[in-house]
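Build the full structure now, drawing on both the sequences and the hints.
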Amino acid sequence: MSFNLGSITDRIGKVTDFVKNNIGDVLDPSKARLSIAGLLKGGRRNTIKTPETRVGFAIASPDGERVPIESDWRVRVSVGPSSGIFYRGDAGIMTPLIETDGVIFPYTPSITTSYSASYSPQKPTHSNYPAYFYDASEVQAINISGDYTVQTVAEGQYLLACIYFFRSASKMFYGTGQHAGNPPPVVFLNGYGTSLLPNVPCVLTSFTHTLAAEVDYIEIPSLFGTVDQDGAEQTTFSGQTTAGKGRTTRVPTASQIQISLQPVYSRKSIATFDLEEFAKGNLLDKGFI
Amino acid sequence: MATYSKSSPYFSTGQFGQFLDVMEYRSIPKVASDVEYIIDAVYKYRPDMLAYDLYGDSSLWWVFVSRNPNTLKDPVFDFYPGQSIFIPKKEILVATLGL
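Listed in order, the protein sequences are those of chains A and B.
When the letters of the first sequence are read in order and numbered with the numbering used here, they come out as residues 260 to 548.
When the letters of the second sequence are read in order and numbered with the numbering used here, they come out as residues -17 to 81.
Everything labelled a hint here was simulated from the structure, so no lab data went into it.
Check before you lean on any hint, since a few could be wrong.
To be verified - Calculated lysine-lysine pairs in the PhoX-like style (CA-CA distance at most 25 Å, straight line):
| # | chain 1 | residue 1 | chain 2 | residue 2 |
| --- | --- | --- | --- | --- |
| 1 | A | K430 | B | K55 |
| 2 | B | K71 | A | K290 |
| 3 | A | K300 | B | K71 |
| 4 | A | K300 | B | K(-12) |
| 5 | B | K26 | A | K290 |
| 6 | B | K26 | B | K55 |
| 7 | B | K72 | A | K290 |
| 8 | A | K300 | B | K72 |
| 9 | A | K300 | B | K12 |
Being a predicted model, the structure only gives us computed values, none of them experimental.
Structure, rendered in structure tokens:
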């Protein structure tokens, strides 16, 4: 086996450069702050593409190009494409959800799905073994627990949008508004490709967001709908409106969101169910799991 | 009599004994190479820290106000996240302020 000292020296040099260029940013608070701000010393814009996940939540290829949302395998909760509600309507505070078409979990969430078949035991007199008679099968609520971290204004606004999405999805359309009288909306669960969570229609049965005491909270400007001089609504940073500054929110730098989604299927779609076709995977396009 | 450094906003202002004359504003020219920047949470109310990170001198905190007089009325409390400002390059400051 040959021993190439030059090659080893080159590799050590590359490791040293990597440490200087990357780890050094962590050790130097000034560089770390500028990195977050996307600036360089001297007042220049940092043109080196950093991973878009630092700011944007939309999926991007390694060269920074956006790819279709269908290719995003992350777990996503969305509303129907033609529903016209929440971020699909006048988005307001949910504007950050538009580019991801709903709420995505930036870190791999913990998901628990239970499938059950219930049987009623009948115990004939003087018998050793009860007889079981089938009642029904059920897909029980899907429990999802995911972490969110906030290091930038954009990430904070995304977390806020997620919170408002789940808050809203647990409520009925009550009082006024064009949808008044309707129950909470059906949401759709996607994730991990086409076969595991295939656009499952669900209703949100519980939502928990934990605001921990042991983490830092950072202040972000709130996104909200304002009215411009022509009377048209627009969404902007609060600090850039004539109303002035002040509408800010503090969000935790680390928090956890837990939701329970109960799969629901319309009677019409249930009528088309075929177990053999389901077993072949041919009913995935209808959201059956 | 104390003298103000070239990085001070009072460098051009005259002095009478221990008193300052009416402040002479040190304006920063607007050039096309200025970088537009939306203030991040890490620099909230801290123009001095941004000046230190960019130029290595926290006493240049006032250059952001001077470059963005219509946006930053208050040098500290208008420096909040979401606010959009223009940042001059260090070369411009060196040439303008004689650093």
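Taking the numbered hints from earlier one at a time, note which ones the structure violates and give those numbers from smallest to largest. 1
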